[in-house]
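Enquirer: Here are the chains, one letter per residue:
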Amino acid sequence: ETGVTQTPRHLVMGMTNKKSLKCEQHLGHNAMYWYKQSAKKPLELMFVYSLEERVENNSVPSRFSPECPNSSHLFLHLHTLQPEDSALYLCASSQDRPQGEIEAFFGQGTRLTVV
Amino acid sequence: KNQVEQSPQSLIILEGKNCTLQCNYTVSPFSNLRWYKQDTGRGPVSLTIMTFSENTKSNGRYTATLDADTKQSSLHITASQLSDSASYICVAHGGSQGNLIFGKGTKLSVKP
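Chains A and B are the protein sequences, given in the same order.
Heads up: the first sequence begins at 2 in this note's numbering, then just goes up one per residue.
Heads up: the second sequence begins at 191 in this note's numbering, then just goes up one per residue.
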């Protein structure tokens with residue numbers, strides 16, 4: 002295990018549902034990230050939090066809403082999603098932004114299916 | 191545009207054989223190059239990180255090379271094992287925002 006835990010591992014939700022993805026890191030890192038991984042596409046960075054402040058939002062639709070209550074926890078709140086939002090959502094953490102040889106550690110991901 | 195291209199898209203080899211995966215990147219400014227292994231349904235796990243001044247780095251049976259002049263990297267796997275079956279993702283760190291830029295990955299299948 003990498004020290005980054007995501008729950009749930011699998012989620013099926015209807016387009017009118019509201020759900021949340023949770024990420025917890027036990028590594029003492031101060032930066033956390035949400036990525037989206039769709040089939041046959043590279044990982045896409047969605048949000049970056051550094052010291053609990055959102056420092057980056059890569060033109061993600063407002064139906065995705067992140068929350069970082071403290072440096073160990075990160076949430077992704079979902080509402081009125083579309084079928085094309087079905088993907089593997091990965092959380093990652095690092096000590097500061099990943100420059101030099103600073104490692105980024107990924108969780109196992111949440112496989113989201115929107116029906 | 192900052193991007194990372196990997197080849198081949200997929201590869202099947204027999205257990206015990208060697209293989210080499212390729213990566214070309216166009217990222218500016220460039221900081222470092224990473225290779226990750228991603229098992230099916232799991233998150234990526236780091237194999238190597240190389241800064242622009244490093245030419246080669248090994249991690250067990252995995253050896254990565256970097257040519258910062260031609261902007262190419264390779265990942266060589268020696269004496270493959272069934273557990274090497276996974277996607278291997280090349281990642282360049284850099285760009286104006288200093289983010290990780292991911293390739294689509296090479297899906298490796300090792301057959302007995």
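Derived by calculation from the structure, the hints in this document are not laboratory data.
Note that the structure is a prediction, hence the values are computed from the model and not measured.
Do not take every clue at face value.
[What the hints assert, rightly or not] Facing chain B, a subset of chain A residues (Cβ under 7 Å, in silico):
#1 Met16
#2 Ala40
#3 Leu46
#4 Met47
#5 Pro67
#6 Glu68
#7 Glu102
#8 Phe107
#9 Gly108
#10 Gln109
[Claimed, not checked] Simulated crosslink set (DSS-like; lysine-lysine; CA at most 27 Å straight-line):
#11 A/Lys37 with B/Lys294
#12 B/Lys247 with B/Lys297
#13 A/Lys20 with A/Lys42
#14 B/Lys191 with A/Lys37
#15 A/Lys42 with B/Lys261
#16 A/Lys41 with B/Lys301
#17 B/Lys294 with A/Lys42
#18 B/Lys191 with A/Lys41
#19 B/Lys247 with A/Lys23
#20 B/Lys297 with A/Lys41
#21 B/Lys261 with B/Lys301
#22 B/Lys301 with B/Lys191
#23 A/Lys19 with B/Lys301
#24 B/Lys207 with B/Lys301
#25 A/Lys37 with B/Lys207
#26 B/Lys247 with A/Lys20
#27 A/Lys19 with A/Lys42
#28 A/Lys37 with A/Lys19
#29 A/Lys41 with B/Lys261
#30 A/Lys42 with B/Lys191
#31 B/Lys261 with A/Lys23
Even for Gly, the Cβ is constructed at its ideal location relative to N, Cα and C.
Enquirer: So, against the hints stated earlier in the document, which numbers end up violated here?
Expert: 1, 2, 4, 5, 6, 19, 21, 22, 23, 25, 26, 31
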